[in-house]
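Asks: Residues per chain are reported as follows:
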Amino acid sequence: MSRLTVPKTYKLYIGGAFPRSESGRTYEVLSASGEFLANAAQASRKDARDAVVAARSAVSGWSGATAYNRGQVLYRIAELLEGRRAQFVDEIVRSEGVSAAEAGSQVDTAIDVWVWYAGWADKYAQVAGNANPVSGPYFNLSVPEPTGVVAAVAPQGVQGGSLLGFVSVIAPIVLTGNTVVVIADERAPLSAISLSEVLATSDVPGGVVNVLTGSAAEIMPWLAAHADVNALDLAGAGAIEGPKGESWVDLQLAAAETLKRVVQPVAGIPHPSIDRIGAFVETKTVWHTKSMR
Amino acid sequence: MAFLEYAPAPESASILNLKAQYGLFIDGEFVDGHGDVFDTISPATEQVIASIAQATAADVDTAVAAARRSYEKVWSRMSGSDRGKYLFRIARLIQERSRELAVAESLDNGKPIKETRDVDVPLVAAWFFYYAGWADKLDHAGLGPNPRSLGVAAQVIPWNFPLLMLAWKIAPALAAGNTVVIKPAETTSLTAMLFAEILQQADLPAGVVNIVTGPGSTGQALVTHDDVNKVAFTGSTGVGRMIARQVAGTSKKLTLELGGKAANIVFDDAPMDQAIEGIVNGIFFNQGHVCCAGSRLLVQENVHDEVVDRLKHRLSTLRMGDPLDKNTDIGAINSAAQLERIRTLSDTGEGEGAERWTADCRIPDKGFWFAPTIFTRVSTAHTIAREEIFGPVLSVITFRTPDEAIQKANNTPYGLSAGIWTEKGARMLALVDKLRAGVVWANTFNRFDPSSPFGGYKESGYGREGGRHGLAAYLESSGWDAPRAVSAASTDSAKPADSAKPAKRSRKAVAK
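If you read the sequences in order, they're chains W and F. Numbering-wise (this note's numbering), the first sequence opens with residue 1 and increments by one. Numbering-wise (this note's numbering), the second sequence opens with residue 1 and increments by one.
Hints are computed from structural coordinates only; laboratory data are not their basis. It cannot be assumed that every hint is accurate.
Unchecked claim - Below, in silico cross-link-like pairs of lysine-lysine (DSS-like), each with a Cα-Cα straight-line distance of 30 Å or less:
no.	chain 1	residue 1	chain 2	residue 2
1	F	Lys312	F	Lys366
2	W	Lys290	F	Lys408
3	W	Lys290	F	Lys114
4	F	Lys312	F	Lys326
5	W	Lys8	W	Lys46
6	F	Lys114	F	Lys312
7	W	Lys123	F	Lys434
8	F	Lys253	W	Lys244
9	F	Lys312	W	Lys290
10	W	Lys11	W	Lys46
In this text, all values refer to a predicted model and were calculated from it rather than measured experimentally.
Generate the whole structure from the sequences, applying the supplied hints.
Replies: Structure follows, in structure tokens:
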């Protein structure tokens with residue numbers, strides 16, 4: 001006798017809560033072979049704006065936390081992900097149609113990516129910062145600081161990437177104290193939503209990561225033009241197409257109005273790298289007079 | 001005025017040996033170009049100094065082609081140590097001809113000779129000297145081993161520090177192995193022409209640096225040119241936005257150093273003598289034509305009257321007039337257009353209810369002048385507290401608590417610089433953490449050094465100039481990733497995806 005299962009309702013993740021889309025819209029998530037898996041929330045402009053508000057209000061607490069603390073929180077994500085490995089493997093197998101071994105390798109790599117970035121938290125400023133030997137009686141130090149709120153598109157439709165692609169985008173953003181509004185893989189969003197449950201129980205403050213499911217082509221123009229978004233990570237935006245044929249270039253154009261920092265699309269999944277950390281930081285230089293007086 | 005009268009002490013312009021007309025500097029030679037010529041005038045006297053060629057799109061094309069050739073054939077193949085030696089030569093030649101450059105800059109820009117002589121030109125030499133030493137040490141620039149140069153850099157610079165901005169752009173670009181096409185501002189091309197002579201004296205290979213003069217349209221032709229790999233711009237936020245749009249969707253690397261509306265925050269425990277000098281230096285240095293100028297004075301309420309009284313007294317002792325006079329503190333406004341903008345915004349300030357005070361200065365008959373002006377009773381909503389005036393106009397705003405100071409300081413779309421005056425080190429450092437600005441001066445203001453990164457947050461632009469960070473604007477990492485084990489499943493080719501489109505999928509939305 002097989003037991004009747006209890007399927008999960010997949011919702012958005014905004015400000016630490018799991019709301020449905022305010023629009024009431026959902027879309028069908030299908031397996032690789034076309035079977036129904038779930039109804040995912042189809043996020044709207046209003047959801048995106050709510051997510052920005054949540055992300056903005058989380059900036060001061062998260063960026064004000066010590067780097068050691070942020071490193072531990074990121075490491076905690078890896079710990080909890082490890083503990084729920086089977087669930088993620090199962091979801092990836094169903095939505096990507098890959099073997100359990102391939103799915104397992106993706107989850108393992110995603111865990112290792114969290115660990116790798118976690119270790120950077122209290123070292124990045126040492127590597128990217130600088131004591132500057134100015135010619136005068138001044139203390140002069142340059143340090144990296146988070147840019148603020150980043151809107152990101154996770155890799156879309158990349159085989160082997162529904163979890164790993166998502167993690168590879170958000171980890172380097174939040175590591176330094178930024179908060180993020182991220183659009184999950186539209187076709188395979190289940191891992192991203194399940195990861196939100198991990199984030200919600202990993203001491204990541206609400207609002208630091210906000211996850212939207214739905215159409216990046218529909219949602220991103222609002223985020224690209226939003227004056228309270230400081231940067232765009234278009235990692236997975238390479239193939240998006242709006243109703244009038246808009247592409248990621250239109251997002252970069254919109255971002256120019258408020259001089260957002262923009263990282264252009266990549267093919268596939270972004271490598272974990274220090275360059276991705278550096279794409280979402282500002283360098284602050286402080287001068288102070290030296291005097292015996 | 002005048003507790004002391006000074007006899008005129010003009011620096012002699014006879015050190016200059018200017019030509020009547022300057023062409024474009026392309027491929028190592030001065031050439032005529034195909035456009036009209038325009039006059040460059042002294043803003044202090046409105047007299048014509050020389051006529052300058054206006055580069056057309058075709059001229060820009062020639063310059064970019066020269067830069068590309070010299071990049072491919074010469075500069076990118078040269079050893080870092082040889083590139084460095086050329087830059088050292090340039091630094092030394094600038095020092096040798098420093099008085100001449102200072103006089104020319106003062107004449108053409110209108111800024112006081114004591115600033116060009118003691119600040120601008122020494123920093124220009126220092127900038128080349130600093131980056132010269134980097135040319136053979138790029139492995140240590142923080143971008144991993146073997147960082148790559150980008151190619152041809154298109155650079156557009158403003159009129160407020162003509163030669164210094166040229167140095168900020170050219171020195172790191174060349175050290176990193178790029179070649180350059182640079183466009184000086186329309187009103188201040190003169191010292192770039194003298195710099196071209198210096199490049200000839202240094203025997204810098206032809207085409208490594210090309211200079212195209214002209215108005216905004218010349219700059220536009222340059223930054224939109226298909227064969228440039230890097231765009232660097234310093235100027236207004238409005239033009240910065242336009243360039244960001246023009247570069248969007250391309251692989252050109254972009255750095256922007258744009259406007260500012262810096263808060264200069266004065267607490268009641270500030271070292272007051274230094275603070276008054278710092279406030280004056282913060283907004284009246286270079287007639288306030290400074291993107292990082294401390295144009296918003298945030299003063300703690302209980303010392304407001306004392307600070308404003310002392311400022312007025314101090315401003316009354318400043319001497320405005322002949323930029324070439326060694327005693328001059330305040331020179332001429334750079335152009336009629338800029339003077340008009342300063343006047344309009346100041347009138348708006350008065351119209352919106354702020355209280356205006358202007359130093360009692362004798363205004364010369366000819367030229368463009370604006371006396372140092374202070375607005376009190378300014379609120380954060382006033383136009384003069386929000387818009388960059390880029391002139392000798394200070395808006396005074398009060399605060400009571402550190403939290404209020406932070407809130408008001410950050411209440412601007414800009415984020416270039418800020419100042420803090422307090423004797424309490426702990427409070428200073430806590431405040432520094434909260435200020436959204438790329439440069440924070442504590443108990444000092446408007447200090448610059450080639451080893452010190454400079455650049456903005458938010459709408460003040462992106463990228464840094466100066467220091468190790470300044471090299472990153474002209475280099476590309478050869479890639480240094482996580483250990484293989486971590487990135488095993490990653491497939492990033494680090495290229496814009498327009499050349500590698502993932503498969504498209506149909507998606508159906510189901511309204512429920």
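Asks: A separate judgement is required for each hint: does it hold in the structure or not?
Replies: Cross-check of the supplied hints:
no.	hint	verdict
1	F:Lys312 with F:Lys366	26 Å, holds
2	W:Lys290 with F:Lys408	28 Å, holds
3	W:Lys290 with F:Lys114	25 Å, holds
4	F:Lys312 with F:Lys326	23 Å, holds
5	W:Lys8 with W:Lys46	24 Å, holds
6	F:Lys114 with F:Lys312	22 Å, holds
7	W:Lys123 with F:Lys434	21 Å, holds
8	F:Lys253 with W:Lys244	28 Å, holds
9	F:Lys312 with W:Lys290	28 Å, holds
10	W:Lys11 with W:Lys46	15 Å, holds
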